[in-house]
Each structure stands twice: as structure tokens, then as C-alpha cells.
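If you read the protein sequences in the order shown, they are chains U and F.
Per this note's numbering, residue 1 is the first one in the first sequence, and the count goes up by one each step.
Per this note's numbering, residue 1001 is the first one in the second sequence, and the count goes up by one each step.
Quick caveat, the hints were computed from the structure, so don't treat them as lab data.
Wrong hints could be hidden among the right ones.
[Stated by the list, open to error] Per the computed footprint, the stretches of chain U lying under chain F, defined by three or more beta-carbons under 8 Å from a beta-carbon of chain F, are:
hint, segment
1, 27–37
2, 52–63
3, 95–104
All residues carry an ideal CB built from backbone N, CA and C; glycine is no exception.
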Amino acid sequence: MARVPVAEGVFTWPSDEPQLIGSRCNQCGIVTFPRQDSCPRCASTEMDDQLLPRRGWLWAWTTQEFPPPSPPYTGPTGDAFVPFGVGYVELDGEVKLETRLTEADPEALSIGMEMELVVLPFRSDDDGNEVVTFAFRPVG
Amino acid sequence: MDVAIVGIGLHPFGRFPGASGIEMGAFAIRRALADAGVEWRDVQFAFGGSYEVDNPDAVVALLGLTGIPFTDVYNGCATAASALTLAADTLRLGDHDLGIAVGMDKHLPGAFSADPRNYACPSWYGELGYFVTTKFFGMKINKYMHDHGISRSTLAKVAAKGYRNGALNPNAFRRKPLSEEEILASPMLNYPLTQYMFCSPDEGAAAAVLCRAEHAHRYTDTPIYLRAATVRTRRLGAFEVHSPWLPIEETAGPTVDASRAAYEMAGIGPEDVEIVQLQDTDAGAEVIHLAENGFCADGEQEKLVADRAFEVDGRLPVNTDGGLIANGEPIGASGLRQVHEIVLQLRGQARERQVPGNPKVGYTQLYGAPGTAGVSILSV
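Turn these sequences into a full structure, and let the hints steer you where they fit.
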């Protein structure tokens, strides 16, 4: 079964050490995620791809305890739905990005904890592929 | 030029099978016209807000096809603030003497959804289940509680106040008081927010008749003056709903910007305000918005809520009609419901939930996707 990314150009794939792909503004230096072809700070249209660090720290978090409205959500619903954590991870000095967390237990999550990028199964598509997504897990 | 509100009208909020959004809008407009003692043919312009009704101006089919300029607006949860602000600004232009702002909506139950691409988010953001407004509110209050020492008990107290006030409001959707224990024990939706800490999308309409202040006494003995009405969108660095990423730099949200602009415009400060209506999409939002609008410092809510400061008979009554938690949120109408409540309170007509001491200055605030806020300041 092939493992395909949820969308092209979001993270380097296939890869043993996948990295998220953002943009850096050529003019003011701001980093965005995902790629964006114009700058939300200085309005420049000169944006370069930027591979983002694989580690960071948890800036904010919550849990998603019910299946999100579908569409647009395409993951498991009904009895197959498993609550998941969601948070913003700050990749030091670069950007804060919203991500699924491997942990959904409020007792196991705390702001400031160190996190690292992983790639996880999300769902199966109609061709029998396993659709994978990026997520972050607590380190250690 | 100053602007006065001389008539208010509301269609109750809740679920009304068989009634269309437009019909509820017409109901609210008729109430507001009767309150002002004017006829529809006296209205020279209108602004109408809705999410579900794509052309609120179609309400003229039920009221009279008088040919007036009737502009439809939509700004998410701040829609009614846009209608109110534009109506006031239109009077200031000087071409018209009397106009109306109306909001109406009729939502299905359940969390709002949309195509993420229409919010400048990638499709995968929605596919993965991140395009969920309640999740943002859970994350924002969870971080706020961590940073400023707010407890889950305070969230339950704020929600309980909403239901308690709603029980005194015949127009409210939720009219059954709920205990803090029941609120905390309801299903967790997005930690730390439980089901009963959230408002629900529902149905309803509200309207206000506005005129040039110098004409107000033609219509009423109790004009309420609109001292400020502002709308702001987010700046880079604000922590906002539907944001796949945020920059490292942090800045205040649009509520803070709209609030400061409104105080400046009115020449009134938060210390002068005696009654407040805040966007309580969830109990945490009310807690955060107390500070964002200048009514307390970050973290002071914990003690102030415990001291019952924001109850109807408290030091600064907040969401006296039950807020969104008890009224639900018909998006287009919600902000004009807030104005309706402030006008009733400033006139001394709020019956069982009347704030004592003849309040003279009231305040309303809306906030919603994708980072839009509206504030109004009203006074006798």
C-alpha cells in the first residue's frame, strides 16, 4: 500500500527525515507555512521556499473531541473517530504552525513542552493508498 | 454629527420551524418601526446583515417596495456591527434623516462549516479537521488560562450566569438555568470547553431605527445616542481563528483595536461604562473579552467572577440578556440583539433583569472569523 501525502508541497515526502515546507519573504524575511506566494507583512511577491526545523515547542493546544464537520473534514467519523490533540508549535525563531498532536490527553500536554515532527497515517483513499499527514509528538 | 437610536425590535432567538429568515427580519423591523412610531415608508435607507439569507434586502417584499437604497452586508460574527456602523456613517453623510439596521439569520444546528479556500486556507487544512471554530476558542482560552491563572471553575461560573440571565429573558433560546456542576460535566468538545460552555447557531432577527440626534425627540422621549461604532480586522501577529500559521511576532487582536477606536471616538473610557454586552461564543471568550475591551486586567477575571462582579446586580453587569450562550447566534442578528438589550437597559425597560442604578453608558462587542471585531458605545 502506497503512503501518499495529504497534499503535495506541504512536507518533503517520501523522506526518512521529512520537513515542512514554508516560504520566506525575500524582502522582510518573514516565514509562512504553508508556502504562500505573497508576503502578509510587506506585500512582496518575492517568496522563496524554506524547509522548516523538525523540532519546536508547544505554544498553545486543545483537543478535538468530536468529528469535525464533513466536508471539509475527510478523516474517520462515527465510531471510527478518535479524538486528537491540536496545537500551535513554535519552530524557534521561524514560525508558529497549527498541527495535529499525537497526544490527546490533557494531562500529558503542557505549553512549553518540546515537540518534534512525525508523519502519521490519516485515512485511506479510494485507490487503497494510505494518506499520511504531518503531526507533532512530545519529545522524550 | 451625532446619531440616535429611536426604535428597537427583536424577533425572539431560538428555533422556529416554518418561519423564514426574511420573515423574522420583517418581524424585527416592524417592532422597531412601532417602537419609533414611524412607518416603513418613512425609512430612507437600510443596511441588512445575514449569513444564510443571501439578499436581506428582499425583506422589502414583505414591508413595502419603496425603492430605498438597501445595502446587504456580511462580516462573519461582526456582521451586525457592520450594518450598525454603516447606518450611522450614512446619517453622518447628511443626505438622509432616518434609516434602519437589521440582521436576520436561520442556521442549521451544529458547528459552522465552509470551504477553507474561501478563508485563504489550503484545502488540506479542512481535510485534516482544523477548520473548526470551536477548536480555536478552546485553544485561545486554554492558553489564556495558562498565561493568566484562570480556572475551569470560572468558565463554568460565566456560563451559568448566561443561562441564569437567559431564564429572565423571554426572547432567549435557552431559558433553563444550569448549575456549574452540570456545565462542567457536559461532554468535552475542545478542552477545556464543554458543550454547555458554548453557544449554538440558531435563528432570529433584530433591528434598530437610527436618526440624526437633533431629530431624536420627534420620535421618542428616551433616545439612546450611538456615541461610537467601529469595525476592525486582524493585524499580523494576532492569534486568530482559521490560521494555519502565525508569525513569531505577537500583537493585539481586532477586538482591542475596535475597542480603542470606539473609546477614542466616543470620548468615553471603560471606567465610564455601566453595562456591557460581549461576544461569548463560549464562556472563555467572555473572560478574554473582558480584558480585551479594557474592563479589567488579564487575570483579574478569576477574582471578579468569584465576587459576582458581572451579574445583573454586580459592579459591571455583562450579558444581562444571557448573551450568546443563552440566546444562541443567528450571525447576522447577534450584534443588534446586543444593542437591543443595551437600549432596553438604558431606558430602564429590562423588567426582571433590569440593572439597578439607572445606567447611562452601555457597550457592545462582537468577534468572529476570520478575525473581525465590532464595538459600539451607547449612552442616554
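Status of the hints after comparison with the structure:
1. 27–37: Coverage by chain F holds here, the residue count being 5 at a Cβ distance below 8 Å.
2. 52–63: holds (count 5)
3. 95–104: Contact hint for the segment 95–104 of chain U vs chain F: holds, 5 residues under 8 Å.
Every hint, counting from the list given before, is met by this structure.
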